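Visitor: Here's the letter readout for the chains.
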Amino acid sequence: MPYFITGDCNGCTACAKQCPVLAIEGVAKERHKVNIRRCVSCGVCGRICPRGAILDGHGNLCKSVPRSQWSKPVVDTKTCSACGICVTWCRADALRISLPAFHGDIHVFAELYQPNKCVGCGLCEENCPVGAIRMAEVRA
Amino acid sequence: MKTIRYYAPLRGIIKKESEEIELSSVKDVLHYIEKTYGKEASVCAKSALIVVNDLSISLLQGAKTPLNDGDVIGFLPVCGGG
Amino acid sequence: MRTPVYAIIDLNKRTSARFEIDESMYRKYIGGKILGARLLYDLTPAGVDPLGPDAVVIINTSPANGTGAPCSSRFNMTFKNVLTGGIASSNCGGQFGVLMKRAGYDGIILRGQSETPCVISIVDKQITFSDAGELWGKDTEETQNAFPKIYGKLVIGPAGENLVRYAAAVSGERVAGRCGAGAVLGAKKIKAIVAYGTQRPYVAKPEKFAKYVKKWVSFLRNHPMTGEALPNYGSAGLVSKANATNALPTHNFKYGHFKDAQAVSGETLADKYLVRNSSCISCPIRCERRVQVDGKEVKGPEYETCGFFGPNIDCISMENMLRLNYQCDLLGMDTISLASSIAFAMELKENGLADFGVSFGNSDNLIEIVEKIAAREDIYGELANGSKWLSEKYGGKEYAMHSKGLEMASYEPRRSVGMGLGYATSNRGGCHLNGGYLALLESVGVLSMDALSTSAKPAFTAFFQNALEAISASGFCLFSAQSFVPAILFKLGPHHKVTRAVGKIATHMGGGVRALLWMLPILHFNSLYLFPHAEVLRLVTGLPFYTGSFVHLGDRGYNMERLYNFREGLTGKDDSLPDRLTKMPQDPNNPRTIVNLDKMLPVFYRIRGWNTDGSPSKRTLRKLGIRV
Numbered sequence: 001m002p003y004f005i006t007g008d009c010n011g012c013t014a015c016a017k018q019c020p021v022l023a024i025e026g027v028a029k030e031r032h033k034v035n036i037r038r039c040v041s042c043g044v045c046g047r048i049c050p051r052g053a054i055l056d057g058h059g060n061l062c063k064s065v066p067r068s069q070w071s072k073p074v075v076d077t078k079t080c081s082a083c084g085i086c087v088t089w090c091r092a093d094a095l096r097i098s099l100p101a102f103h104g105d106i107h108v109f110a111e112l113y114q115p116n117k118c119v120g121c122g123l124c125e126e127n128c129p130v131g132a133i134r135m136a137e138v139r140a
Numbered sequence: 001m002k003t004i005r006y007y008a009p010l011r012g013i014i015k016k017e018s019e020e021i022e023l024s025s026v027k028d029v030l031h032y033i034e035k036t037y038g039k040e041a042s043v044c045a046k047s048a049l050i051v052v053n054d055l056s057i058s059l060l061q062g063a064k065t066p067l068n069d070g071d072v073i074g075f076l077p078v079c080g081g082g
Numbered sequence: 001m002r003t004p005v006y007a008i009i010d011l012n013k014r015t016s017a018r019f020e021i022d023e024s025m026y027r028k029y030i031g032g033k034i035l036g037a038r039l040l041y042d043l044t045p046a047g048v049d050p051l052g053p054d055a056v057v058i059i060n061t062s063p064a065n066g067t068g069a070p071c072s073s074r075f076n077m078t079f080k081n082v083l084t085g086g087i088a089s090s091n092c093g094g095q096f097g098v099l100m101k102r103a104g105y106d107g108i109i110l111r112g113q114s115e116t117p118c119v120i121s122i123v124d125k126q127i128t129f130s131d132a133g134e135l136w137g138k139d140t141e142e143t144q145n146a147f148p149k150i151y152g153k154l155v156i157g158p159a160g161e162n163l164v165r166y167a168a169a170v171s172g173e174r175v176a177g178r179c180g181a182g183a184v185l186g187a188k189k190i191k192a193i194v195a196y197g198t199q200r201p202y203v204a205k206p207e208k209f210a211k212y213v214k215k216w217v218s219f220l221r222n223h224p225m226t227g228e229a230l231p232n233y234g235s236a237g238l239v240s241k242a243n244a245t246n247a248l249p250t251h252n253f254k255y256g257h258f259k260d261a262q263a264v265s266g267e268t269l270a271d272k273y274l275v276r277n278s279s280c281i282s283c284p285i286r287c288e289r290r291v292q293v294d295g296k297e298v299k300g301p302e303y304e305t306c307g308f309f310g311p312n313i314d315c316i317s318m319e320n321m322l323r324l325n326y327q328c329d330l331l332g333m334d335t336i337s338l339a340s341s342i343a344f345a346m347e348l349k350e351n352g353l354a355d356f357g358v359s360f361g362n363s364d365n366l367i368e369i370v371e372k373i374a375a376r377e378d379i380y381g382e383l384a385n386g387s388k389w390l391s392e393k394y395g396g397k398e399y400a401m402h403s404k405g406l407e408m409a410s411y412e413p414r415r416s417v418g419m420g421l422g423y424a425t426s427n428r429g430g431c432h433l434n435g436g437y438l439a440l441l442e443s444v445g446v447l448s449m450d451a452l453s454t455s456a457k458p459a460f461t462a463f464f465q466n467a468l469e470a471i472s473a474s475g476f477c478l479f480s481a482q483s484f485v486p487a488i489l490f491k492l493g494p495h496h497k498v499t500r501a502v503g504k505i506a507t508h509m510g511g512g513v514r515a516l517l518w519m520l521p522i523l524h525f526n527s528l529y530l531f532p533h534a535e536v537l538r539l540v541t542g543l544p545f546y547t548g549s550f551v552h553l554g555d556r557g558y559n560m561e562r563l564y565n566f567r568e569g570l571t572g573k574d575d576s577l578p579d580r581l582t583k584m585p586q587d588p589n590n591p592r593t594i595v596n597l598d599k600m601l602p603v604f605y606r607i608r609g610w611n612t613d614g615s616p617s618k619r620t621l622r623k624l625g626i627r628v
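Chains as they are written, first to last, in the numbering used here: chain D, 1 to 140; chain W, 1 to 82; chain C, 1 to 628.
Derived from the structure by calculation, the hints contain no laboratory data. Be careful, since some hints might not be right.
In silico lysine-lysine, PhoX-like type, Cα no more than 20 angstroms apart, as pairs [to be verified]:
| hint | chain 1 | residue 1 | chain 2 | residue 2 |
| --- | --- | --- | --- | --- |
| 1 | C | K259 | W | K15 |
| 2 | W | K46 | C | K125 |
| 3 | W | K39 | W | K27 |
| 4 | C | K497 | W | K27 |
| 5 | D | K78 | C | K259 |
| 6 | W | K35 | W | K16 |
| 7 | C | K259 | W | K46 |
| 8 | C | K259 | W | K2 |
| 9 | C | K504 | W | K39 |
| 10 | C | K125 | W | K16 |
| 11 | C | K272 | D | K33 |
| 12 | C | K205 | C | K189 |
It should be emphasised that the depicted structure is a prediction, and the values quoted were computed from it without experimental measurement.
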């Protein structure tokens with residue numbers, strides 16, 4: 001169910017900048033809008049909104065969550081086949097296929113190489129065909 | 001003087017890229033590899049694509065293919081593609 | 001069950017409308033190149049100009065695309081073949097197909113011609129148009145970089161804009177290379193098509209599917225071919241294998257062995273130039289090469305490019321070859337047709353028939369010449385028309401290495417006669433894949449049937465043509481089928497007596513395979529060791545696909561393509577090869593080293609259920625449920 005931005009929105013653009021599927025449209029300082037065809041209900045906008053202006057798919061008000069508490073993907077490198085699906089879903093460019101450990105290394109895997117950019121959307125976990133990714137709480 | 005060229009994965013076992021020898025047939029080279037480098041190397045060598053001057057020994061005389069001066073015997077990985 | 005969603009796009013009016021694919025059409029033709037062939041036949045009259053406004057281009061996906069099944073990124077372009085005038089299907093592993101499906105469309109049908117260069121956006125089920133503006137004239141890399149990173153893109157380069165007959169369309173790092181895919185988009189003045197959305201693909205049995213995918217991925221990763229050889233060497237590893245069996249085209253297919261082939265081999269590439277391997281989305285095999293060219297990491301060459309910018313033009317410079325490969329991607333051109341046309345031009349010069357400033361052994365001047373071909377500058381515009389056209393103007397038909405007008409791939413068929421039959425009968429022209437890829441079983445694989453024997457080849461060719469057709473049309477990369485060769489044979493090696501025995505038996509199994517083709521309905525099972533694609537298709541669509549009905553689907557597709565060809569005037573007479581391959585033995589001391597089409601074609605036609613002129617018989621069409 002798509003999320004919804006209420007009139008409390010002041011157009012700070014924080015949500016639009018982090019939405020992993022570019023589903024939020026709006027002009028700075030004006031109320032933003034969720035593209036309902038595209039929203040994947042990942043909850044990133046709800047966690048990031050500083051004004052409590054976002055309702056989730058069930059109509060509940062989303063609570064702001066500090067960035068340090070956002071979950072991050074943990075990759076089981078033995079199961080991961082480096083197929084790249086998670087990397088293509090990651091708008092934040094937090095994931096990549098690891099670089100070879102030595103010349104000729106073919107046992108590469110998905111890795112969170114820019115963890116600070118991760119928004120915890122979970123699209124990597126959701127779309128991994130072999131179940132190699134688990135979103136986990138990161139202890140500070 | 002003849003030359004043996006080792007490619008992966010045999011190269012990883014023998015830890016050499018090539019060496020020079022004075023053996024006179026493919027069969028002799030296979031014996032040499034078993035004697036000098038052991039069973040694992042021997043199994044790997046036997047399952048490689050074996051070429052003499054870049055031609056498969058299947059098109060020559062198999063293991064009996066002779067090696068003449070200047071010949072190069074190679075142990076290639078097997079592959080396929082499109 | 002869910003029928004596919006297609007849109008038909010009018011480029012003159014810049015409008016789009018929903019196009020109905022009814023349940024019956026879907027169940028019979030499924031998607032990809034098979035449904036593409038049916039639609040092209042139905043939506044166009046005979047005789048259209050492939051580059052004219054009445055030509056139709058279908059860009060479509062398959063049920064497996066986007067589901068996460070291994071090797072399932074492949075999408076298809078079907079159009080009238082610029083080089084042959086018959087059917088063309090060009091397949092690509094780039095992201096565009098998966099994203100177009102996420103955007104809500106399984107396929108689009110392009111009609112007419114845009115008045116000015118345009119960009120088509122398919123986003124969240126909506127199709128909009130904009131002017132290409134300054135993008136027109138830019139190379140494919142610059143063009144793709146103009147759109148958001150997460151978008152799927154399909155673009156053309158200058159070669160497509162200038163209607164080079166073998167121009168290609170590029171999606172990400174992959175290419176819809178053959179038959180003029182780039183030219184048909186260029187003719188419609190489409191610079192780029194981009195797609196984005198978040199819709200999930202339909203999967204009929206999601207839990208069973210998820211389990212099977214895990215099993216299949218594990219199987220591929222543990223198989224010596226798909227789990228070791230291909231990720232380590234890519235298809236480039238084939239150079240030394242083809243050379244080892246005299247099947248490496250050298251000097252414009254005059255010879256089959258090149259003494260310096262190792263300089264441009266997959267092993268040398270892996271040792272000296274490889275940075276890492278990479279993959280199409282959704283693929284655990286990861287055969288893509290990444291190399292350094294002038295300090296930049298770019299995509300590396302496939303086998304055909306290695307062979308054709310190397311031994312086939314007598315060149316040994318890997319650096320030149322890597323540069324040329326990258327340049328062809330930027331310009332948007334098929335390396336096979338380009339390099340084969342250049343080899344032909346070299347032989348024309350050798351024989352004093354024409355001088356395009358290219359000669360065997362010299363690849364230093366080719367970068368400059370390839371730019372001129374893409375720009376259709378001066379006489380290089382003629383090279384842009386392909387080797388068939390050149391041979392009709394200057395002579396040398398006996399060594400213009402195409403079939404039906406499409407240049408054949410880098411397997412010398414006089415040492416792989418089943419491949420020769422495949423080249424001659426492939427619907428899109430001299431293609432090794434559409435031709436059944438018997439080279440894998442005759443010369444470059446671990447298992448070798450007698451490469452010169454003709455007896456079993458017609459049956460094997462027909463069987464594999466059907467199987468590969470179905471695999472492609474379901475959305476899979478053909479490398480995922482390489483695991484049907486049992487892993488044990490790789491452990492034993494090509495010279496082991498068991499491997500040799502299997503090869504010998506296969507050489508005489510023509511009757512068995514022929515019987516198999518008649519017995520398809522009883523193959524009511526699916527096996528990971530044969531065609532796991534059928535099982536995935538079954539779980540994704542909910543339709544009853546088993547090995548037999550899967551191969552039968554491929555048979556239907558093959559015949560549909562054939563019908564299109566016949567309607568466009570390509571007949572059994574065009575199932576031909578140049579004289580160099582049929583009349584001049586590769587080894588002058590061994591008269592068997594030719595492709596004996598006269599012997600194999602009639603047998604092939606009978607096995608396929610075709611008339612003696614090569615046309616599908618009424619009985620065969622009835623059996624396949626094709627109505628025209």
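Visitor: If a hint holds in the structure, say so; if it doesn't, say that too.
Guide: Hint check:
1. C/K259 to W/K15: violated, 26 angstroms
2. W/K46 to C/K125: violated, 57 angstroms
3. W/K39 to W/K27: holds, 15 angstroms
4. C/K497 to W/K27: holds, 15 angstroms
5. D/K78 to C/K259: violated, 42 angstroms
6. W/K35 to W/K16: Since the Cα atoms of W/K35 and W/K16 sit roughly 16 angstroms apart, the hinted pair holds (cutoff 20 angstroms).
7. C/K259 to W/K46: violated, 24 angstroms
8. C/K259 to W/K2: Within the cut-off at roughly 17 angstroms; holds.
9. C/K504 to W/K39: violated, 29 angstroms
10. C/K125 to W/K16: Outside the cut-off at roughly 58 angstroms; violated.
11. C/K272 to D/K33: violated, 52 angstroms
12. C/K205 to C/K189: Roughly 41 angstroms between the alpha carbons, so the hint for C/K205 and C/K189 is violated.
Hint check: violations occur at hints 1, 2, 5, 7, 9, 10, 11, 12; the rest are consistent with the structure.
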